[in-house]
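Enquirer: Work out the full structure, taking the sequences as your base and the hints as a guide.
Protein chains: 2
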Amino acid sequence: MTFEKRLEARAAEFEAGLGDALDAAASRHAGLPPRLADAMRHAVMSGGKRIRPFLVTETAIALGSDAAAAQPAAIALELVHCYSLVHDDLPAMDNDPLRRGKPTVWKAFDEWTAILAGDALLTLAFEHLGGAACPDLDDKRRLSLVTGLALASGGRGMVGGQCLDLEADKLGQPKVATQEHVQRLQAMKTGALFRFACEAGAVVAGAGTTETTAMARFGAKLGAAFQLADDLLDIEGDAETVGKATAKDAAAGKATLVGLKGLAAARAFLAEIESDALNEISGIGSRADVLRETLRFACARRK
Amino acid sequence: MTFEKRLEARAAEFEAGLGDALDAAASRHAGLPPRLADAMRHAVMSGGKRIRPFLVTETAIALGSDAAAAQPAAIALELVHCYSLVHDDLPAMDNDPLRRGKPTVWKAFDEWTAILAGDALLTLAFEHLGGAACPDLDDKRRLSLVTGLALASGGRGMVGGQCLDLEADKLGQPKVATQEHVQRLQAMKTGALFRFACEAGAVVAGAGTTETTAMARFGAKLGAAFQLADDLLDIEGDAETVGKATAKDAAAGKATLVGLKGLAAARAFLAEIESDALNEISGIGSRADVLRETLRFACARRK
Numbered sequence: 001m002t003f004e005k006r007l008e009a010r011a012a013e014f015e016a017g018l019g020d021a022l023d024a025a026a027s028r029h030a031g032l033p034p035r036l037a038d039a040m041r042h043a044v045m046s047g048g049k050r051i052r053p054f055l056v057t058e059t060a061i062a063l064g065s066d067a068a069a070a071q072p073a074a075i076a077l078e079l080v081h082c083y084s085l086v087h088d089d090l091p092a093m094d095n096d097p098l099r100r101g102k103p104t105v106w107k108a109f110d111e112w113t114a115i116l117a118g119d120a121l122l123t124l125a126f127e128h129l130g131g132a133a134c135p136d137l138d139d140k141r142r143l144s145l146v147t148g149l150a151l152a153s154g155g156r157g158m159v160g161g162q163c164l165d166l167e168a169d170k171l172g173q174p175k176v177a178t179q180e181h182v183q184r185l186q187a188m189k190t191g192a193l194f195r196f197a198c199e200a201g202a203v204v205a206g207a208g209t210t211e212t213t214a215m216a217r218f219g220a221k222l223g224a225a226f227q228l229a230d231d232l233l234d235i236e237g238d239a240e241t242v243g244k245a246t247a248k249d250a251a252a253g254k255a256t257l258v259g260l261k262g263l264a265a266a267r268a269f270l271a272e273i274e275s276d277a278l279n280e281i282s283g284i285g286s287r288a289d290v291l292r293e294t295l296r297f298a299c300a301r302r303k
Numbered sequence: 304m305t306f307e308k309r310l311e312a313r314a315a316e317f318e319a320g321l322g323d324a325l326d327a328a329a330s331r332h333a334g335l336p337p338r339l340a341d342a343m344r345h346a347v348m349s350g351g352k353r354i355r356p357f358l359v360t361e362t363a364i365a366l367g368s369d370a371a372a373a374q375p376a377a378i379a380l381e382l383v384h385c386y387s388l389v390h391d392d393l394p395a396m397d398n399d400p401l402r403r404g405k406p407t408v409w410k411a412f413d414e415w416t417a418i419l420a421g422d423a424l425l426t427l428a429f430e431h432l433g434g435a436a437c438p439d440l441d442d443k444r445r446l447s448l449v450t451g452l453a454l455a456s457g458g459r460g461m462v463g464g465q466c467l468d469l470e471a472d473k474l475g476q477p478k479v480a481t482q483e484h485v486q487r488l489q490a491m492k493t494g495a496l497f498r499f500a501c502e503a504g505a506v507v508a509g510a511g512t513t514e515t516t517a518m519a520r521f522g523a524k525l526g527a528a529f530q531l532a533d534d535l536l537d538i539e540g541d542a543e544t545v546g547k548a549t550a551k552d553a554a555a556g557k558a559t560l561v562g563l564k565g566l567a568a569a570r571a572f573l574a575e576i577e578s579d580a581l582n583e584i585s586g587i588g589s590r591a592d593v594l595r596e597t598l599r600f601a602c603a604r605r606k
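Here the protein sequences line up with chains P and Z, keeping their order. Letter 34 of the first sequence, counting from 1, is numbered 34 in the working numbering, and no numbers are missing. Letter 57 of the second sequence, counting from 1, is numbered 360 in the working numbering, and no numbers are missing.
Because the hints were derived from the structure by calculation, they are not lab data. Beta carbons are placed, not taken as given, at the ideal position from N, Cα and C, and that holds for glycine. Hints are all accurate, no fakes.
In silico contact screen, one side only, chain P against chain Z (beta carbon under 8 angstroms); selected entries:
no. : residue
1   : A92
2   : I115
3   : E127
4   : L143
In the DSSO-like style, the derived pairs of lysine-lysine whose C-alpha atoms are separated by at most 30 angstroms in a straight line are:
no. : chain 1 : residue 1 : chain 2 : residue 2
5   : Z       : K443      : P       : K140
6   : P       : K5        : P       : K49
7   : Z       : K557      : P       : K107
Expert: The following block contains the structure:
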């Protein structure tokens, strides 16, 4: 099976579980207002590569667990990712009317519904980890997932990264963005959830501290590679292949590592990150081959 | 000590702990952007009666535990309450520029900062329950608090109630609000967190299922009494005593139980709720006297 096929197959499998989780929430939550349930579903069941759930699952498998045990953590993480897109798209934030060719939640419903749907999805993620949806894990591992997800997605993680991004975008701060600043912003805004994805897979598999930390580092580096490859694609990509307007970042005056380092140095840095990431999991052997392929996919992608 | 003095003393004690928790989050979270930290502090350290933390603490004490053990749950609950105010005040929601005479977060900062500060506070609440801030409780009780808080504050709880409220306000739905609808809305929007406050106190104290359920029901009824007394105050209160414009609900065309039942029947209903609530904790004896006083305070308040 090619890597792309595996990613697609896992996404299909994952989405069935995700849909069930939303149905279960709606029926268990007899009080969930239909408008809110519809907006939550619109936000969550809108395609995407489901790369974060894929990482949770494949990390858990690489460390001896299975997809079923990883599913609750994968669902919770994807709920957080989806809520963040709903809030990011709002007029007061990125003001995006479309996502993957479909109206965003605030456009399909309205702003207040989008704010509340995001709030409800974030809350549902923690309900999902704490509750009966997570029967394969003991209390210690569930709590570790709750804390890990909160740290990755809160003020020092994803939300903090979004704050730094909007400070640059709306307030022009800092006036001169250094490479360090851009790396920190990206590590928070996108890296933190990738980091948690691999950490969560290790927690699900009951891995020890050393292995869990190594996996978390691998995830963080994979996230950095993913982001840098995206920035390179923005400059190098042919608009037709990429399927979206290219050189968008430059036009928007957005500071990226490619802009700060130059094209050749950015490509070399990507190779360095890839090599560092491989080192993190060098002790795991062939069981982690899917993770290595994921890294290669992230670094080499052309769209 | 009079009840009001006790409430004030607890609020002062609680706020010291709450401030410490925010400081700890800011220092532990080296990456927390200062703008976000400031907005979170603005949202949280802005006065208020701190009635929900008071209920967590007093319920825990009534069942044999103490204020220190109850503090993490009290803080998590207040963080959720404060985030909900930040989002509710947004232009797309209630469009309130002032709260307790001070600019709301979106007014003092801007809309995107307010959205992110709310998101970060909600996430911090779960971090707080899952993590090291909660040393006195075993894993089982921490998880029970995570799940309970998520259920109370999510789509079938507080966020769902806010959705129903805005459906009425913005979309005029339902066209005719029945008493059942108004009661359901209020039970979700404000009742769910009151319910959780007393449930959490019981969980902290390690109470059994019967006692925990009775406490949760007491909390829900206390919340309903609080809301109904507020509605009565809106009609009956003298603007000078209440400190805000009265008959605001009627002017805004908002459906309330007082409007639907009439004044005399609403007063009788409040007495009925008070009596039902007292019944829920009749088995607990004098240890629960502060909770009984809280109920009396909620029902009899004049401002």
